[in-house]
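A.B. asks: Sequence lines, in order, name chains A and B. Okay, so the first sequence: first residue is 1 according to our numbering, each after it adds one. Okay, so the second sequence: first residue is 1 according to our numbering, each after it adds one.
Among the hints, erroneous ones may be present.
What the hints assert, rightly or not - Computed spacing ranges between beta-carbons, pair by pair: (1) B/Gln245 with A/Arg21: 57 to 63 Å; (2) B/Lys349 with A/Val211: 32 to 38 Å; (3) B/Gly39 with A/Ile301: 28 to 34 Å; (4) A/Glu229 with B/Lys301: 44 to 50 Å; (5) B/Leu286 with A/Ile301: 28 to 34 Å; (6) A/Val211 with B/Gly4: 20 to 26 Å; (7) A/Gly225 with B/Glu325: 33 to 39 Å.
Hints listed in this document are in silico derivations from the structure and should not be mistaken for laboratory results. Beta carbons: idealized from backbone N, C-alpha and C, even for Gly.
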Amino acid sequence: MSTMAVPDIAVAPVDEGFWTRSRKVGLTLLALGLLSAVLFGALATDQQARFTLSDDAAGAALEINGTIGAILFGIITIAAGAALLAGVPKRWFLPVLGVGLVAFVLSFLCWQVSAAPTGQNFMPLVNVIRGTFILALPLIFGALAGVLCERSGVVNVAIEGQLLMGAFSGALFGSISGSVWVGLVAAAIGGAFISLLLAVFAIRYLVDQVVMGIVLNLLAVGVTGFLYERLMQTDAAKYNSAPRFSNWEIPLLKDIPVLGPALFRGNIFLYLGLLLVLVIHIGLFRTRWGLRTRSVGEHPIAADTLGVKVLRVRYRNVLLAGVVAGIGGASYTLALYSFTKNMIGGKGFIALAALIFGRWNPTGALLAALFFGFADQLATYLGAINSVIPSQFLAMLPYLATILAVAGLVGRVRAPAADGKPYIKG
Amino acid sequence: MEPGEIHALLGENGAGKSTLMNVLYGLYQPDEGEILVDGKPLKLKGPSDAIGAGIGMVHQHFMLVPVFTVTENIMLGAEQIRGGIAGFLDRRRARREVTEVSERYNLRVDPDAVIEDLPVGIQQRVEIVKALTRDVDLLILDEPTAVLTPQETEELLTVMRSLKAAGKSIVFITHKLGEVKAIADRITVIRRGKTVGTASPEASRDELAALMVGRNVRLTVDKTPATPGEPVLEVAGLVVDDDRQIRAVDGVDLTVRAGEVLGVAGVQGNGQTELIEAIMGLRPALAGTISLAGDRINGWKPKKVLRAGVGYVPEDRSVDGLIKEFSVAENLVLDIYDRPPFGAGLALKPDAIAASAKERIEQFDVRTSSADAAVGTLSGGNQQKVIVARELSRPLKLFIAAQPTRGVDVGSIEFIHSQVIRERDIGTAVLVVSSELDEVIGLADRIAVMYRGRIIGIVGPDTPREEIGLLMAGISPDAAHDTIAAPAADKPGATTAADSPGVADGSPASDAGSASEDEA
Chain A
1 MSTMAVPDIA VAPVDEGFWT RSRKVGLTLL ALGLLSAVLF GALATDQQAR
51 FTLSDDAAGA ALEINGTIGA ILFGIITIAA GAALLAGVPK RWFLPVLGVG
101 LVAFVLSFLC WQVSAAPTGQ NFMPLVNVIR GTFILALPLI FGALAGVLCE
151 RSGVVNVAIE GQLLMGAFSG ALFGSISGSV WVGLVAAAIG GAFISLLLAV
201 FAIRYLVDQV VMGIVLNLLA VGVTGFLYER LMQTDAAKYN SAPRFSNWEI
251 PLLKDIPVLG PALFRGNIFL YLGLLLVLVI HIGLFRTRWG LRTRSVGEHP
301 IAADTLGVKV LRVRYRNVLL AGVVAGIGGA SYTLALYSFT KNMIGGKGFI
351 ALAALIFGRW NPTGALLAAL FFGFADQLAT YLGAINSVIP SQFLAMLPYL
401 ATILAVAGLV GRVRAPAADG KPYIKG
Chain B
1 MEPGEIHALL GENGAGKSTL MNVLYGLYQP DEGEILVDGK PLKLKGPSDA
51 IGAGIGMVHQ HFMLVPVFTV TENIMLGAEQ IRGGIAGFLD RRRARREVTE
101 VSERYNLRVD PDAVIEDLPV GIQQRVEIVK ALTRDVDLLI LDEPTAVLTP
151 QETEELLTVM RSLKAAGKSI VFITHKLGEV KAIADRITVI RRGKTVGTAS
201 PEASRDELAA LMVGRNVRLT VDKTPATPGE PVLEVAGLVV DDDRQIRAVD
251 GVDLTVRAGE VLGVAGVQGN GQTELIEAIM GLRPALAGTI SLAGDRINGW
301 KPKKVLRAGV GYVPEDRSVD GLIKEFSVAE NLVLDIYDRP PFGAGLALKP
351 DAIAASAKER IEQFDVRTSS ADAAVGTLSG GNQQKVIVAR ELSRPLKLFI
401 AAQPTRGVDV GSIEFIHSQV IRERDIGTAV LVVSSELDEV IGLADRIAVM
451 YRGRIIGIVG PDTPREEIGL LMAGISPDAA HDTIAAPAAD KPGATTAADS
501 PGVADGSPAS DAGSASEDEA
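Turn these sequences into a full structure, and let the hints steer you where they fit.
C.D. replies: Dropping the structure here:
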């Protein structure tokens, strides 16, 4: 403990000069706005860009002339950038930035939708929003698992493995028992099993947590792949035909235009995911459990001197993370698809990116996951309308955004101070 | 301990003060012996037991979560909650309690401030409030003034008096005589893990200093009188900050001549480390000049300084001196691996390295299973000999040895000392820094005593150790800058003699201590 350095004390805030972060972001936004107003405006056609409020081309729609829309939204982005450049009060920074970015995306969409082949000049909003949430769902569960784990000081690279094990256990035991609920519990236990290995090796045996996480991911791929080939492929009817949760319509909420059909006619996993974001956020910042979790992730020695059981807190949180990720894995096999080999396909790592992009904060992680989901959904949509933008480019966007986030361009990203550091008493 | 008493625990770094108190606080388990509270033996399994028994502790390095607010830090571990099993924090009640306690003891803190935004003095106040909200009767303050400015120190002493008035007992750990005399009711002096005496605050500084430093028979080193030549190292008006941007070296003037050993004595944390690092180019000099044989070397990279003929034994060999996983042979050429005969172009010459290693190992009596053994597998003394062998294998103008025998066995101490003297006798200027007074007295031809970043006096090696001990405690022969307030008055912003963080008063020093005692 004597090697603990006294934390650096910032007595006076660092004077950044004229080019504050807010101004730099403003300049970037201004450039993006110019790009969209000029380039997207020039490329857009005079066709109407229709954003239908339904699943398809039918029904009511928001319409705008493609060229005008692209230029108009571009100008809004320019205005937002100019406002940041001129200097806005601190609490206005995020809202203004948000408006600017949304306007940029809209300008882009005006161009794309208006330039689509005739007859396809529409974007079904319900479809896009629903798709965004469905694609984001495993990321939400995965990132929450990361929050639970890393806030207590254990790096969780094993999210991928936890999701996969959850998906597999859910499918297997759901099929055998014929009950979705048994499948759900099995999925939670499956995820917790990977977590238990992570906890024991990271906390008890002080193995490097990142290395351990990667090893566990490989283990999960290996074990589930083996059992998939031996069991599920030979007798799919018995072992890989889990029942699925049906969609539950939520009274009243389902009737909200656009959002109702997009979100409130979904399955249990969607509701559970959103609820968990809320619960974990409140838990982390409002309860004793949260205070102790954060203290252990930030300064375990201090927590120890106050009688907090550091290792116990860590074990508990890592296991909880496994439960959450396991349920997230089941959101595939107990609602959408049957199990296939390596079906998570890297989503666990994108969840890790969402965790960082969301600054180790449940709500931030939700927003990051939705952003990634939207980029994914947009790629699908653009492919469907034969866009000139290669869909691979959009698929790249989440990673690019994460790199920018980690580089500190979206604000200071600071991991819990003791994240990844094993605690050795005495 | 009596109720309402301030009991000072006085001792040098590594004397065992902090260890004793960590045992009292339940962080370490005692090997033997017992702790009595109100006549009953107490078994402490952890800090919560200690808190339960009414013992609170303010650690030398604060135990505060930097990103938490004051209230969150204080409530942690003893949270006020509502809402049953969900355990929602009752921040309002916690904040009220913080305000109440801080007002009662006149320790004003903003309950909603975030710790990392607060100055060190206020953080310490938060620590004290934290202990007081837990209803402690006995408060342990571990080197509380080490990180404080003189003004903050004054405030702390006032707080301690008011706590005492409120009936709390305080254990005050320090190595600063002035503070002890200003506040303590009773003084226990500890040296090398043993109580060597108790005193009342009326005891004179000399008595206290003598108790603290000890009257050991001095270490003998065979040497002839020095024949000093030209000045080799000249330091003038040097100012250096430590890692926390606090002034550590505050206007040091030094000259080391060829063929003499200048010993720098002083309680650890008085700027010795920063002085040496500045000379080696490891730490920027903010003012003043450093010259080596006439060349100004301010701002030189360490490699250039080394190549200019400076040998350097760093104070922490495991961090700065050796690469533990590398072999003995590799560690022996760390400084010149890229030069002939050991390197040519991109390649190393293993044969030359091995041959040279064999020679060095014999010459410097390094006890190792082979030259290819990882240096980390060697004993402390032999590791140190590897460093000394490496540094003394180049032609040197200046040899700097910081804590050259810390954590080293008796035999190796003797050997290293003889090597230092041999280097002196071939005409190298030698600068030895050690917190072991015996070592400095044994080796040096002149002794400079550092206190609070300054050379407080330069004396000959025949000076009585008591006098040097007084100097180390900041009492110069004219006994002028005596009180703790004086340096603050004549030097605003001057730092206290702070232990640099990361340099712990850990066991290596005391190992060396007991070793030299054995030899004596």
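A.B. asks: All the hints need checking, so say for each whether the structure fits it.
C.D. replies: Evaluation of the provided hints:
Checking the proposed 57 to 63 Å range against B/Gln245 and A/Arg21 shows it is violated: the Cβ atoms sit about 24 Å from each other. Checked against the given bound of 32 to 38 Å, the beta carbons of B/Lys349 and A/Val211, roughly 35 Å apart, stay inside it. Distance hint check: the CB atoms of B/Gly39 and A/Ile301 are about 32 Å apart, consistent with the given range 28 to 34 Å. In this structure, A/Glu229 and B/Lys301 break the distance hint of 44 to 50 Å, their C-beta atoms being roughly 60 Å apart.
For the pair B/Leu286 and A/Ile301, the supplied restraint of 28 to 34 Å holds, since their beta-carbon distance comes to about 33 Å. In this structure, A/Val211 and B/Gly4 break the distance hint of 20 to 26 Å, their C-beta atoms being roughly 55 Å apart. Checked against the hint of 33 to 39 Å, the pair A/Gly225 and B/Glu325 passes, with Cβ atoms roughly 37 Å apart.
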